[in-house]
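Chains as they are written, first to last, in the UniProt record's numbering: chain A, 1 to 163; chain B, 1 to 163; chain C, 1 to 163; chain D, 1 to 163; chain E, 1 to 163; chain F, 1 to 163; chain G, 1 to 163; chain H, 1 to 163; chain I, 1 to 163; chain J, 1 to 163.
Rather than coming from a laboratory, the hints here were simulated on the basis of the structure.
Mixed in with the good hints there might be a few duds.
Claimed, not checked - Here's a subset of chain D near chain F, in silico, CB distances under 10 Å, partners left out: (1) Asp16; (2) Pro19; (3) Ile20; (4) Gly83; (5) Leu92; (6) Pro96; (7) Thr98; (8) Gly127; (9) Met131; (10) Lys135; (11) Asn137.
Stated by the list, open to error - Simulated crosslink set (EDC-like; lysine to aspartate or glutamate; CA at most 20 Å straight-line): (12) C:Lys31 - D:Glu122; (13) A:Lys141 - B:Asp154; (14) D:Lys58 - D:Asp133; (15) J:Lys141 - J:Asp45; (16) G:Lys162 - J:Asp143; (17) I:Lys141 - J:Glu62; (18) G:Lys123 - H:Glu122.
In this text, a Cβ means the ideal position worked out from N, Cα and C, and glycines have one as well.
10 protein chains.
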Amino acid sequence: MAQHAKVPANNTPYADLPPISTTLFQAKASKGCTFDEIAKAIGRDEVWVAAAFYGQAKLSTEELQLLSGFLGINHADLRSELGEHWWPNRGLGPIPPTDPVIYRLYESVLVYGHAIKAIIHEKFGDGIMSMIDCKVNIERKPDPKGDRVLLTFDGKFLPYAKW
Amino acid sequence: MAQHAKVPANNTPYADLPPISTTLFQAKASKGCTFDEIAKAIGRDEVWVAAAFYGQAKLSTEELQLLSGFLGINHADLRSELGEHWWPNRGLGPIPPTDPVIYRLYESVLVYGHAIKAIIHEKFGDGIMSMIDCKVNIERKPDPKGDRVLLTFDGKFLPYAKW
Amino acid sequence: MAQHAKVPANNTPYADLPPISTTLFQAKASKGCTFDEIAKAIGRDEVWVAAAFYGQAKLSTEELQLLSGFLGINHADLRSELGEHWWPNRGLGPIPPTDPVIYRLYESVLVYGHAIKAIIHEKFGDGIMSMIDCKVNIERKPDPKGDRVLLTFDGKFLPYAKW
Amino acid sequence: MAQHAKVPANNTPYADLPPISTTLFQAKASKGCTFDEIAKAIGRDEVWVAAAFYGQAKLSTEELQLLSGFLGINHADLRSELGEHWWPNRGLGPIPPTDPVIYRLYESVLVYGHAIKAIIHEKFGDGIMSMIDCKVNIERKPDPKGDRVLLTFDGKFLPYAKW
Amino acid sequence: MAQHAKVPANNTPYADLPPISTTLFQAKASKGCTFDEIAKAIGRDEVWVAAAFYGQAKLSTEELQLLSGFLGINHADLRSELGEHWWPNRGLGPIPPTDPVIYRLYESVLVYGHAIKAIIHEKFGDGIMSMIDCKVNIERKPDPKGDRVLLTFDGKFLPYAKW
Amino acid sequence: MAQHAKVPANNTPYADLPPISTTLFQAKASKGCTFDEIAKAIGRDEVWVAAAFYGQAKLSTEELQLLSGFLGINHADLRSELGEHWWPNRGLGPIPPTDPVIYRLYESVLVYGHAIKAIIHEKFGDGIMSMIDCKVNIERKPDPKGDRVLLTFDGKFLPYAKW
Amino acid sequence: MAQHAKVPANNTPYADLPPISTTLFQAKASKGCTFDEIAKAIGRDEVWVAAAFYGQAKLSTEELQLLSGFLGINHADLRSELGEHWWPNRGLGPIPPTDPVIYRLYESVLVYGHAIKAIIHEKFGDGIMSMIDCKVNIERKPDPKGDRVLLTFDGKFLPYAKW
Amino acid sequence: MAQHAKVPANNTPYADLPPISTTLFQAKASKGCTFDEIAKAIGRDEVWVAAAFYGQAKLSTEELQLLSGFLGINHADLRSELGEHWWPNRGLGPIPPTDPVIYRLYESVLVYGHAIKAIIHEKFGDGIMSMIDCKVNIERKPDPKGDRVLLTFDGKFLPYAKW
Amino acid sequence: MAQHAKVPANNTPYADLPPISTTLFQAKASKGCTFDEIAKAIGRDEVWVAAAFYGQAKLSTEELQLLSGFLGINHADLRSELGEHWWPNRGLGPIPPTDPVIYRLYESVLVYGHAIKAIIHEKFGDGIMSMIDCKVNIERKPDPKGDRVLLTFDGKFLPYAKW
Amino acid sequence: MAQHAKVPANNTPYADLPPISTTLFQAKASKGCTFDEIAKAIGRDEVWVAAAFYGQAKLSTEELQLLSGFLGINHADLRSELGEHWWPNRGLGPIPPTDPVIYRLYESVLVYGHAIKAIIHEKFGDGIMSMIDCKVNIERKPDPKGDRVLLTFDGKFLPYAKW
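All chains should be built: construct the whole structure from the sequences, respecting the hints.
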């Protein structure tokens, strides 16, 4: 349901983002649509679109065009701020994270990081799971004891170069 | 293939673990078995077993018994160190992580943390994905352009209490 | 007693909060009411209401309506800033805290954290006290030697998943 | 049930404690008793006793005597290490805490710290809840939806001196 | 001698204080009076008054009235910013301090902290010197080899609760 | 009253000190004397002596001799470790301090640091209170509402050089 | 292709740079030229020019003149901000870097730093590779398996002075 | 020239490495050979071999065999410590680096990091230079004004996944 | 040569200084004079004057008068901002410094700090070189192999008080 | 005057140094000689020799020989630990320094760092004072008001490369 919406441009995390991010979030909230609806409109996944709104991914010229149409934001404005000359400055928020949602992800590194490393080495050898060639997906899995979040990282294995 | 193996007990991350962890890793290496084989022997998943080896999960009395049998470690020794009186002291390794495998997980928090938070709120409302009631899974997904790591977190959604 | 009141919007902790937080604090101060009075007006506890004022909890549409009426803040303004599109960005203030009131809570973690962990494990097994499904309460307990603060955390025990 | 038990003396948090702490924890585990049973034997609360085991509280000469008898530890040994010349060196573990049980307490400071401060000021004026004249209590509260941890801090209010 | 004075409101430490602090410091400088003269006018000590100017202590309604009169600041303004709804947010400046005056105090903690702790325990037992019920005093002590600063902390001893 | 005493040489803060510090603390505890008694025996103040025990001050050859006699420690041993070739390595303990006694001193810097700086400048001009030419004193001041710690720093004022 | 372009002047890293940096980046984007084209216009390398845009290198009077002409920026403006009185304030961005491109450079220090040091010592003796008299070059090296970045540091070896 | 050599096993950086690293460095020093000579013996580059000595790369079974022969280290010992069960724990040394050789590399990130990122984006698009599929090379370039270090990173460009 | 000059008031280090600092730097640049010329005009050394411009030293009333005349800045403005009520807030810039010029000074502490301490103790006994009663001087020393910076600290030795 | 001397090998800063450093310091103390006497014996300056003792400079084969003779340390031992295979691992002690002698040097960076940078740029242009080609000297300058430490850095100016 459409409504007037404001996003606190001088607060975390918006203050650390290009001003156009605030515009995007306000347009989305005013239109009352979900990231999934935006994602379908521009042909991408919802997590990737949310990342792009937070300045963590780069929209192509075509995606900017589609986004402009879907959210009713002036295309020239969008392009002058997020056009070809703009590159994401990735990495957002305090470390360690203070928000409990994000902290839990961080806690997974603290608690399961070494186990994940051990299994990756055992299954793939000496190398890493790429966070560049990696797709992130979130699904809601119904469960009578309380629905569950299914968070998936699908990343290419990269073996270490030897020379 | 079985062989003699040593684990550097005074080095990262072993130096931060109970001495029995070193024994477990050495027994596993000497036997030449995988975490998956151990997991099957004690009825658990390989990631969970690796976490337990790193002192990040608690083995039950029965699991200690099975582990003792499978790896050929004296059961009384295992129980005197990891028995009922022992509780995991979770959280391992430097922050930010310096090892690239573990750093990439951490980078996912920096780059996709806010996007994941936004989607969880959109799909579930105000709450978090539990990292306590959460199962972690790693699968090797064949891909002609290079095999991929499929890392899944299956965590219960916990809505915020209001009072 | 009602009076004109200002809150230093560009200072700690207000500068780290959405601007509407400042409006809420100023309205409360100008009306001269307590958090308990606001809490009764919207059907919540005073600690929870204070948390919401600090942007650490999410008011429902109904609560925003009631709050708007009680404090005399334009409802549309409130909704455009704290409406359905807004989600708390939790975690406020420097760490370690510099304010002595908040530092003492932090000191309880430093001094009694391990003891609390040990007793929780002894009484409940391997798991944690949830800070998500947790209610916080403060009571003034009269005492001839000096009144006492009774601070209670009532949190659900969450056992660790094994898989 | 009594059994042989070892505590990893060169690991967190034992490595940061006087060696006698390890002895105490091993004696407790070998005897198979709870902190509550020890507390009853020396006339104290279980949380306080656990704190003392972690070197965060000072046992009196009488308490050392009773502890020595109950756990079967040589009294002279106990006194030579924890006698009148020994004073607690309080503050234990990494900050921020990495163990999820202790982290949740810390998260309560991040999320509810300012709210607690606001309510304390509103109910008591300018001052703090003492963490020195403070009693900590943990109770298991049965709940059909999952038992709950009732953690209580009962601390004296200390008004700020003006001069 | 009175003169026009400006205080750099967007600089350390003023930028971390309520804007009214800047007003107070400018009024004081323009009037050309000392903290001691202000202290006498409102019935307090100079160190306490300086702390209040830095937002580290709470002036009562009467003190605000007297201060308003003495410095010629509009009383309603003062009250709307520092009135009953305002509470000090204590803890000011970077840690470790970079200013040599403040650093020397900090150095006293590094160099004499353990010695002070040892003597307090020896003279008073297990407890602390309160920094809440504590009065701070500075005196100029003439000395032919160079005058000396006599800095005194007069704090209540608080014994640790046992329960 | 004399007794056998041990000091945890591999624990904070002893592990950060020369091994002779442990010997000194054990000798003092075994003899059952106070720092004041030692101070009188070697002609110094108790706080200074405690600082010397913690490796934060340098004992002269004569003081080593007197100390050796008073505590019954072999003089050659004392001199081989703390003799003319030894210089204090000042600065002890974690920052921020975790022990509440030492933290309160640190809190005085956070809360009153700027006020103290302001008064020093007002009374002395541009310069500092020396922490090198500074004497620290602790006195127990009886008070019916609870005895008080009188902690005094008597430091030379040093004006800033201009050139 | 020329177009209107905006650079988020109040965001990372622009907010940490002189305002003229934003002007330079906007002029470059509006003109739609590359760093290499600018470099050729002023007689420098593209990496050095990019560094200068980020305020990390000093343009000479002649280079400012050429830059002004090429980008169509008023020469007096450029000179009043980056003229002879301006000196680079080098060192930009958070540490550790959060952006993955920059982090990978940092990771090279973590993983190969000691190896590089060992080889430099072996080939040159005791000294360093200068980062002051150092030229940085980036080349695109075509590769059927994926093009490669050839990043070269050409720095003078500086032997340690002995005296 | 061969000689007896010791490496300070309990010092930086050796104390952070598996004990076998010390053995390798001592054998190399005793034999008096260079990394390049070892590299030639096992068919690798000198920088990679140095990284392997510092525990930052994984030697294959064949390389361990060749290394064992070349340095005269018992093969079974080498294999029991660095065999198939061993995986590098990458990331070595303090951050920021304190050693000037390593610090200069780090300074290159601070000073040229943003410029390098800008050029990579301009030449390759949105992505990174891999530090996993990356070869590091060091060459001594004679120069009459002082020989130069030619340090090259040859890393695969990895474009960001979009999904 | 005089010209119009701007100093980036909202950038490092100017943003951390009183606004009058920006005015001073702009006046100096517009006049095209050196610190040495200003120093001669007000009877001080160039390093001290530069420190004063950065808000790290206090100009006397007379010096403000002379500075006002020499740089053509309104005297009342200068006095209202840097007059008797203003005191330096010393300590400027990030730690560790990121600018290579300042970092090299910092590196001298890392590399030669302990050596300097050892020699000071050997030549003077237990005490320090004052940084308060200290004069800093910079001279250009011609050298055919490249001119050299002669940086001198001339600080009073302060022996430790004993009491 | 010669005597038996011990250096606390497991304490700061010796614990961070090769064990041979302890041997050197003990030999020097037992012989009762100064750094200047050692320096004269091996043909170097006292500050450089002290740096070498702290593992911050590399002694040549000839210097090791002379040192061995002068201090009566077995030459083979010295060479096996500090021979050609050993390279200094520079950078010693905590940051910020806690020892007041070393902290004062660090304070000079905080207070005079920007001034020194400004003067270096003014006198030399864009570049740095080398800390590699730099000689450090300490002189005792008699002064009736208290002797002074004359600390000199004589470092080559290095202009920034442009390319």
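ask   = Per the CB criterion, is Gly127 of chain D less than 10 Å away from chain F?
value = violated, 13 Å
key: Hint validity - Pro19 of chain D Cβ closer than 10 Å to any chain F Cβ   = holds, 6 Å
20 Å limit on alpha-carbon distance, applied to hinted pair Lys58 of chain D and Asp133 of chain D = Since the Cα atoms of Lys58 of chain D and Asp133 of chain D sit roughly 14 Å apart, the hinted pair holds (cutoff 20 Å).
request  = With a cut-off of 10 Å on the beta carbons, see whether Ile20 of chain D makes it to chain F.
outcome  = Because about 8 Å separates Ile20 of chain D from the closest Cβ in chain F, which is inside the 10 Å limit, the hint holds.
inquiry  = Need the status of pair Lys162 of chain G, Asp143 of chain J: alpha-carbon distance at most 20 Å?
reply    = violated, 30 Å
ask   = Are the Cα positions of Lys141 of chain A and Asp154 of chain B separated by 20 Å at most?
value = holds, 9 Å
query = If you take the shortest Cβ to Cβ gap from Asp16 of chain D to chain F, is it below 10 Å?
reply = holds, 7 Å
message = Under 10 Å is the threshold here; is the Cβ of Pro96 of chain D close enough to any Cβ of chain F for the hint to stand?
response = With a closest approach of 13 Å, the Pro96 of chain D hint is violated.
Straight-line alpha-carbon gap Lys123 of chain G to Glu122 of chain H, limit 20 Å = violated, 35 Å
query = Holds or violated: Met131 of chain D as interface residue toward chain F, Cβ cutoff 10 Å?
reply = holds, 7 Å
query = Does Glu122 of chain D lie within 20 Å of Lys31 of chain C when you go C-alpha to C-alpha?
reply = holds, 14 Å
ask   = Against chain F, is Thr98 of chain D within 10 Å by beta-carbon distance?
value = For Thr98 of chain D, the interface hint is violated, since the closest Cβ of chain F sits about 16 Å away, which is over 10 Å.
Figure legend: structure checked against the earlier numbered hints; hints not met, in rising order: 6, 7, 8, 10, 11, 16, 17 and 18.
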